[in-house]
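**Student:** Single-letter residue listing:
There are 2 protein chains.
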Amino acid sequence: MLIVQKYGGTSVGTLDRIKAVAQRVIETKKEGNNLVVVVSAMSGETNKLIEYAEFFSKTPSQAEMDMLLSAGERVTSALLAIALNEFGYKSVAMSGRQAGIITDSLHTKAHIDHIDTTYLKETIEDGTIAVVAGFQGTTKDGKVTTLGRGGSDLSAVAIAGALEADLCEIFTDVDGVYTTDPRIEPKAKKLEKISYDEMLELASLGAKVLQNRSVELAKKLNVNLVTRNSFNNNTGTLITKEENIMEQPIVSGIALDKNQARITLRGVVDKPGIAANIFKKLAENNINVDMIIQNVGVDGTTNLGFTVPQNELAFAKKIMEELQSSEKLEYNSEIVKVSIVGVGMKSHSGVAALAFSTLANENINIEMISTSEIKISMIIHAKYGELAVRTLHKAYKLDKN
Amino acid sequence: MLIVQKYGGTSVGTLDRIKAVAQRVIETKKEGNNLVVVVSAMSGETNKLIEYAEFFSKTPSQAEMDMLLSAGERVTSALLAIALNEFGYKSVAMSGRQAGIITDSLHTKAHIDHIDTTYLKETIEDGTIAVVAGFQGTTKDGKVTTLGRGGSDLSAVAIAGALEADLCEIFTDVDGVYTTDPRIEPKAKKLEKISYDEMLELASLGAKVLQNRSVELAKKLNVNLVTRNSFNNNTGTLITKEENIMEQPIVSGIALDKNQARITLRGVVDKPGIAANIFKKLAENNINVDMIIQNVGVDGTTNLGFTVPQNELAFAKKIMEELQSSEKLEYNSEIVKVSIVGVGMKSHSGVAALAFSTLANENINIEMISTSEIKISMIIHAKYGELAVRTLHKAYKLDKN
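From first to last, the protein sequence lines stand for chains A and B. Residues 1 to 401 in the numbering used here are what the first sequence spells out, letter by letter. Residues 402 to 802 in the numbering used here are what the second sequence spells out, letter by letter.
These aren't lab readings, by the way, just hints derived from the structure by calculation. The reader is advised that the hints may include incorrect statements.
Here are the simulated lysine to aspartate or glutamate pairs, EDC-like style, with alpha carbons at most 16 angstroms apart [unchecked claim]:
hint	chain 1	residue 1	chain 2	residue 2
1	A	K189	A	D399
2	B	K620	B	E648
3	A	K48	B	E617
4	A	K58	B	D576
5	A	K190	A	D173
6	A	K346	A	D173
7	B	K588	B	E787
8	A	K90	A	D104
9	B	K420	A	D197
10	B	K642	B	E617
11	B	K621	B	E565
12	B	K591	B	D567
13	A	K271	A	D299
14	B	K449	A	E45
15	A	K19	B	E452
16	B	K459	A	E86
17	B	K420	A	D399
18	B	K801	B	E593
19	B	K718	B	D700
20	B	K747	B	D576
21	B	K776	B	D576
22	A	K193	A	E242
23	A	K220	A	E86
24	A	K19	B	E455
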């Protein structure tokens with residue numbers, strides 16, 4: 001098999017950890033696999049470099065930030081390759097450029113345009129382990145770029161896609177994806193397999209193992225993604241396409257998002273353009289509106305409700321007040337969003353009904369509802385968040401194997 | 402003017418120091434100059450990275466060492482460019498590769514093959530300050546290389562040569578080149594100008610401001626080199642070609658080399674090939690033989706004496722004993738080499754005679770003598786080293802302005 005492994009910051013956080021990673025890489029090699037390893041900077045290094053830059057400027061020039069921040073991953077790649085060579089396994093360190101990662105020129109959050117795999121393929125064919133500095137690439141004309149948050153995962157997925165690798169293993173410090181946050185429900189189970197779409201919906205689930213960008217890219221490139229724990233030998237969770245999951249459970253997981261606030265406009269005159277105007281303004285200011293509900297009201301007016309991230313509420317409030325419309329405005333940050341995610345929903349009826357009756361039995365009032373093909377999200381009072389998760393987890397039998 | 406400035410590790414050793422360097426660069430820019438700045442890693446960084454590598458291997462793979470060690474200079478170049486941009490002076494950070502430095506593939510001690518100055522020239526013409534990560538380049542096929550000890554000086558000199566810069570200023574933590582080590586002779590004067598050849602001979606002088614590789618390259622490329630102190634505004638020492646120095650002093654400086662040991666073979670049979678065999682063996686083992694003296698002896702035998710660096714004496718001794726020749730071997734590490742350097746010697750007679758009589762007056766016995774066009778070196782007993790330096794310094798009137 002050809003396997004791409006990616007090790008995150010805590011997995012390579014110390015010299016001893018890098019040695020442990022080397023041993024794990026060697027085990028995989030010994031099993032007869034070919035390997036490309038993608039590494040992050042040692043944990044703390046990137047933050048240190050950011051602090052250095054901030055000593056000089058609150059708004060450091062972005063091309064220079066890329067030159068600065070790309071140094072950390074290069075150090076780790078060199079050290080891991082040195083360790084592998086010392087253990088007798090041929091290995092070469094590669095910068096993003098050497099691995100052929102070509103990006104656009106959007107410094108500090110560049111997008112991968114394509115990968116020139118010539119050198120990577122030569123290296124693999126030679127039986128050598130390629131150790132690639134993650135998070136970075138160069139533009140067509142050779143400027144250094146970085147890929148933004150979660151960039152090393154993205155490097156790994158993109159390389160796995162370009163090489164048509166059999167597997168892309170993302171090593172972090174958690175075991176995988178769970179049916180819900182184990183800190184809320186100790187009976188939460190680790191999922192063996194999950195579809196790309198479910199993973200995308202569950203991204204806000206407790207342990208943020210993967211960023212949506214990486215999952216989206218894996219889906220697009222059809223990369224079999226596995227999240228594993230570099231601190232143990234557990235099997236992790238496979239994120240793959242729906243067809244690869246034989247028995248699709250109706251519900252895969254329950255997610256709780258505490259970073260929600262609601263804005264309600266009462267007495268909105270029921271004519272076109274009002275809502276459009278509001279959401280245009282919010283979008284212009286980069287406020288992320290999530291759920292939107294409009295109820296039919298009486299006497300020609302309606303009520304309009306929507307949610308925004310809690311940490312953007314103050315800014316959203318300011319924008320709403322600047323609009324100086326005649327509606328009555330209400331703000332509520334004492335809410336949470338509980339979501340039920342599962343591809344099985346598509347072919348099963350009654351999934352939503354079970355959720356509503358389960359919460360009703362606990363006397364939890366559902367204030368807003370929004371559904372997609374594979375997700376049901378409900379806004380409830382914040383104080384019921386954990387209770388709702390535990391009750392729903394049980395109702396959908398997620399605590400059973 | 403087009404000026405290349407190079408700042409060494411202590412000059413950029415802290416964030417505050419980097420800010421001070423930014424201000425000095427801006428002063429130079431304000432005077433109407435165009436600038437390329439070459440920087441070293443922050444002091445301590447390179448050693449830290451070497452220690453990291455040694456954690457994994459006593460003989461780390463060299464291509465990976467280059468990937469590792471090149472990270473430090475990249476960080477400094479990014480930080481200085483960020484600082485300059487913040488002060489309102491357009492600046493871009495460049496890796497060795499981006500600056501167009503193409504080397505051979507001798508990892509960890511690569512030689513610069515040529516510099517593709519396209520991007521550097523574009524940057525300068527745009528009025529932008531280029532901040533280049535020193536000490537590094539890439540091979541023709543894009544592998545990262547480093548240039549070995551003193552590599553950042555070399556980067557600066559090579560860039561100055563390729564751009565035909567008017568001046569290449571090397572900033573360190575000393576004021577320049579002195580007539581002798583000021584710790585031995587407090588009356589030592591800083592030299593205003595010195596020729597390349599004198600500088601090469603004086604390289605072993607107290608304050609090792611420049612490595613011979615850089616001076617040799619400056620001579621070859623006809624680069625006007627200035628060594629200056631980044632911690633003050635003193636003028637430094639100009640190292641230039643002989644023709645540029647109007648009044649050539651007979652003697653420019655006195656150097657003391659304490660790292661000397663002597664090996665003497667007594668009763669060498671006076672036939673061809675004996676000495677050749679000895680020095681071939683030493684060369685094969687990378688022992689640096691410095692001075693060699695052979696005296697005519699009596700009864701068909703001669704005495705052969707030569708010096709080696711003190712820290713290589715034990716190894717040299719082992720090799721000599723393995724040769725198992727019939728000569729009587731003597732070892733002496735209680736010696737030093739005192740050298741008098743000056744281009745004026747070429748056209749003045751009596752320079753050596755003054756040295757011999759000066760030491761004779763102090764009852765210092767000269768054990769070996771070797772001369773070149775611009776240098777007289779003498780081996781004396783170690784205990785007289787400092788006295789010899791001070792006496793000669795006065796005899797050649799180097800303490801007078």
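**Student:** Check the structure against each numbered hint from earlier and tell me which ones fail, lowest number first.
**Tutor:** Going through the list in order, the structure violates hints 2, 3, 4, 6, 8, 9, 12, 17, 19, 20, 21, 23 and respects the others.
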